[in-house]
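Protein chains in written order, with my numbering: chain A, 2 to 622; chain B, 50 to 297.
Because the hints were derived from the structure by calculation, they are not lab data.
Listed next, the in silico DSSO-like pairs over lysine-lysine satisfying Cα-Cα at most 30 Å (straight line):
id, chain 1, residue 1, chain 2, residue 2
1, A, K591, B, K264
2, A, K172, B, K264
3, A, K129, A, K164
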Amino acid sequence: MAKPSLFKGLLNRPAGQITMAVILFLALTVLADRFLRGWQLDLTADNLYTLSDGTETLLASLDEPVVLEYYFSRNLAAPYGQLLGYGKRVEDTLRAVVAASDGMVKLSVIDPEPFSEAEDDAVAAGLKGVPMADGSTLYMGLKASNSLDGEAVIPFFTTEREKFLEYDLVKLIAGFNTATKKNLTLLTSLPMQFGPGGAEAMMSGRAQPYVLYEQLSEFFNLQEIAEDFSEIPAETDVLMVVHPPALNDDQLFLIDQYVLKGGRALIFLDPHAEAANPRAYAPSASTLGPLLGAWGVAMPEGKVVGDAALAQRVQMGGLGPDSVKDYVFWLGINHEFMTDDDIVTGSIDNLNFATSGVLEQLDGATTQFQPLVTTSAASMLFDASRAVGMPEPDRLLKDLKPTGISYTLSARVSGPAKTAFSDKAAADAGPVNNPSVSEGDINIVLTADTDIFDDRFWVQLQELLGQRIVVPIAGNGSFILNLAEHIVGSEALLGLRGRGIAKRPFTVVDSLRREAETKYLAEEEALQKQLQNTEMRISELEAQEPEGGAILSTEQEAEIEGFRGQLLETRKALREVNRSLRAEIVGLGKWLAFINIALVPVLIILIVLIRLWLLRRRTAE
Amino acid sequence: MTFHSAVCTILRREFESYFLSPVAYVFLVIFLVLEGLFTFYIGGFYEREQADLMPFFAYQPWLYLFLMPAIGMRLWAEERRSGTFELLLTLPIPLPAVVIGKYLAAIAFAGLALLLTFPIWLTVNWLGDPDNGIIITGYVGSLLMASSYLAIASALSAITKNQVVAFILSVTVCFLFLVSGLPMVLDVFTAWAPEAFVLAVANLSMLSHFDSLQKGVVAFSDILYFALVISLWLWINYVVVETKREAG
Chain A
2 MAKPSLFKGL LNRPAGQITM AVILFLALTV LADRFLRGWQ LDLTADNLYT LSDGTETLLA
62 SLDEPVVLEY YFSRNLAAPY GQLLGYGKRV EDTLRAVVAA SDGMVKLSVI DPEPFSEAED
122 DAVAAGLKGV PMADGSTLYM GLKASNSLDG EAVIPFFTTE REKFLEYDLV KLIAGFNTAT
182 KKNLTLLTSL PMQFGPGGAE AMMSGRAQPY VLYEQLSEFF NLQEIAEDFS EIPAETDVLM
242 VVHPPALNDD QLFLIDQYVL KGGRALIFLD PHAEAANPRA YAPSASTLGP LLGAWGVAMP
302 EGKVVGDAAL AQRVQMGGLG PDSVKDYVFW LGINHEFMTD DDIVTGSIDN LNFATSGVLE
362 QLDGATTQFQ PLVTTSAASM LFDASRAVGM PEPDRLLKDL KPTGISYTLS ARVSGPAKTA
422 FSDKAAADAG PVNNPSVSEG DINIVLTADT DIFDDRFWVQ LQELLGQRIV VPIAGNGSFI
482 LNLAEHIVGS EALLGLRGRG IAKRPFTVVD SLRREAETKY LAEEEALQKQ LQNTEMRISE
542 LEAQEPEGGA ILSTEQEAEI EGFRGQLLET RKALREVNRS LRAEIVGLGK WLAFINIALV
602 PVLIILIVLI RLWLLRRRTA E
Chain B
50 MTFHSAVCTI LRREFESYFL SPVAYVFLVI FLVLEGLFTF YIGGFYEREQ ADLMPFFAYQ
110 PWLYLFLMPA IGMRLWAEER RSGTFELLLT LPIPLPAVVI GKYLAAIAFA GLALLLTFPI
170 WLTVNWLGDP DNGIIITGYV GSLLMASSYL AIASALSAIT KNQVVAFILS VTVCFLFLVS
230 GLPMVLDVFT AWAPEAFVLA VANLSMLSHF DSLQKGVVAF SDILYFALVI SLWLWINYVV
290 VETKREAG
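Please work from the sequences and hints to get the whole structure.
Written out as structure tokens, the structure is:
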């Protein structure tokens with residue numbers, strides 16, 4: 002019985018008690034980290050760290066079992082806190098997915114140790130690893146497969162997409178349900194499939210499709226129809242028309258009939274598509290001829306909308322704070338200007354539009370017109386020609402006289418409509434099984450901008466380990482995918498896409514900046530003009546220099562000198578204006594810094610002084 | 050006297066004693082000024098133009114590394130130096146109540162300091178539309194981290210009469226807890242210790258547990274971690290004081 006007494010003796014000594022406590026502490030922290038990580042309270046506004054209802058619905062509806070293999074080099078990641086933490090978070094989310102799937106998703110977590118079979122499997126699956134200093138490779142990727150030989154991988158979980166983790170996982174799993182994929186027919190003149198270089202880029206291997214084109218291909222059986230199409234594929238579930246080429250009457254009639262017969266369509270037109278040709282000197286407009294009128298909607302021709310309150314700040318040549326301007330044609334639209342109760346826009350925080358047109362309901366229209374996205378009341382219509390070439394942001398802002406109208410940029414149009422080609426409908430009866438109709442209930446969504454598809458307006462692209470990492474900065478992709486899925490009636494991922502793209506700017510600073518710019522713009526412009534005049538006058542005088550190098554007359558010299566002085570004065574005044582532009586914002590920053598650094602300490606010092614004074618008075622008494 | 054009322058008595062006595070000397074005020078002023086400077090000038094709070102408190106919380110682990118031991122160093126060392134230690138232990142109050150009461154007073158003081166940073170919360174809400182859920186969890190994490198440092202400082206203050214020694218020891222141990230997940234610490238173990246042990250040490254890092262709280266997630270495992278750190282050091286504190294008492 003020596004052992005128990007030894008143990009007892011150990012526990013009676015302080016050192017023994019402390020040692021036991023430390024061991025217990027270490028054990029409990031490890032166990033808590035292993036088994037209790039899933040228990041958490043998510044206090045983020047978007048519930049970023051909790052599986053959404055859409056995910057749970059989708060997981061519960063899986064009809065084929067899915068096997069997930071999560072490769073995570075936990076030991077190699079241990080010294081890198083952020084990576085280890087993220088790796089654990091991925092594992093937790095995967096476990097939550099398994100729990101919500103009712104046994105349809107199976108998970109195995111594998112630590113692919115260097116030079117092991119597991120590492121070979123990871124490489125064979127197409128996972129990418131980060132090479133470490135000691136020659137080993139760190140993996141943090143996922144392989145998913147199902148019994149129908151379907152296989153998909155996430156090569157490496159990058160922290161850049163942390164906010165979209167749930168979405169990426171659900172998308173991967175949902176991708177196996179190919180049988181339920183709907184058919185999307187696309188008609189466009191934009192280089193969506195090959196990126197800005199078009200087909201030439203594809204030939205030289207530089208093709209980089211629009212991110213949205215890739216995403217549409219993932220969620221739909223995407224079929225693109227050529228510009229000279231003569232029929233709309235019969236199996237089309239949703240027709241997407243994006244900046245269409247000029248269409249002839251027969252082609253327009255096909256679209257007319259498709260829509261009137263209840264076909265779902267998403268139409269994106271534009272008074273000027275910047276993505277079509279960024280260096281264009283004339284607006285690149287698209288139209289659907291008489292169709293819009295027949296649907297009870299108008300899109301004013303050759304007009305783009307400018308909005309002073311939603312203008313994005315853009316870099317216009319040069320560097321430094323002066324080169325960043327409000328550009329009223331590029332709109333950063335926040336949630337306030339989207340219909341809150343529409344499921345498509347409900348989860349989206351911001352959208353970026355560029356040189357957008359506007360939609361108006363026609364008087365006496367039989368269709369219903371429900372705006373989805375609008376401008377603020379500080380907007381007005383400009384000629385589209387002002388958006389091409391080298392637009393001057395300052396001049397546009399100055400010319401903008403708010404009309405007080407909130408223009409509609411995107412709207413649902415539904416209800417009874419008549420054909421735009423009544424003669425054609427009557428004459429061309431169509432095949433027996435598909436006769437032409439002259440009226441019907443339509444269900445479409447119209448949007449007056451096509452630049453929302455362009456990558457540069459809504460995503461940041463990065464390369465990591467050969468992967469193209471897409472980090473959305475606006476909800477354009479979510480908006481379009483949501484529209485397409487909602488209009489064909491499948492909505493599982495709708496709420497999930499928009500989560501986590503919320504930008505939280507300093508609205509007070511933004512409005513201060515706008516006020517300052519409006520205030521000083523006229524002054525700056527006048528000074529710029531004066532500067533140009535003075536410079537011109539000096540060069541004129543200098544050009545009058547007599548031939549043969551004779552000396553200028555004293556009057557001329559004095560005049561030049563006078564103008565030079567004026568030039569310096571004007572430059573100084575201009576600098577002053579530019580400084581004033583930023584002064585209020587910088588001043589506010591200094592005030593806030595002062596309040597946060599010194600206000601409470603100063604109050605504390607005052608309290609101490611008052612207490613001391615009271616104490617001294619009491620002692621004196 | 051019940052355990053609860055004993056704790057309250059000690060807490061009140063200790064908390065009031067902070068404000069008997071100007072040191073507490075000096076501490077509050079230094080803490081608030083440093084916090085403001087770090088947030089605005091090093092963290093670039095205003096220039097980032099993002100309505101969140103990321104720059105405010107980012108430097109707190111390092112700021113607390115020195116400020117919390119400064120609060121905690123006097124808890125026991127001062128009693129031992131001034132000779133009130135023995136007197137305190139002869140009072141009809143259970144020792145655990147004294148340990149907890151003193152510790153809670155230190156937390157109350159640190160909490161007050163944290164509370165006085167409220168202008169930054171008002172500022173960020175005035176400037177934009179922050180996610181206040183994330184800010185709340187950030188503050189909870191910050192208080193838990195401060196409490197953990199204070200538990201360490203309290204225990205180490207009990208082993209010496211010299212406050213400076215207590216301060217240096219506390220800073221050292223807190224530093225180890227802070228950086229235990231970093232390569233420079235783990236490299237010491239990777240060569241000889243089993244992987245499970247290395248992972249356990251990596252898991253000790255206060256930075257990673259504070260990190261998820263800053264993101265808006267209150268994970269039970271993180272809360273438990275801080276609770277365990279606090280319990281361990283309060284236990285050590287108790288054992289040390291008990292030993293000193295027995296030694297007379």
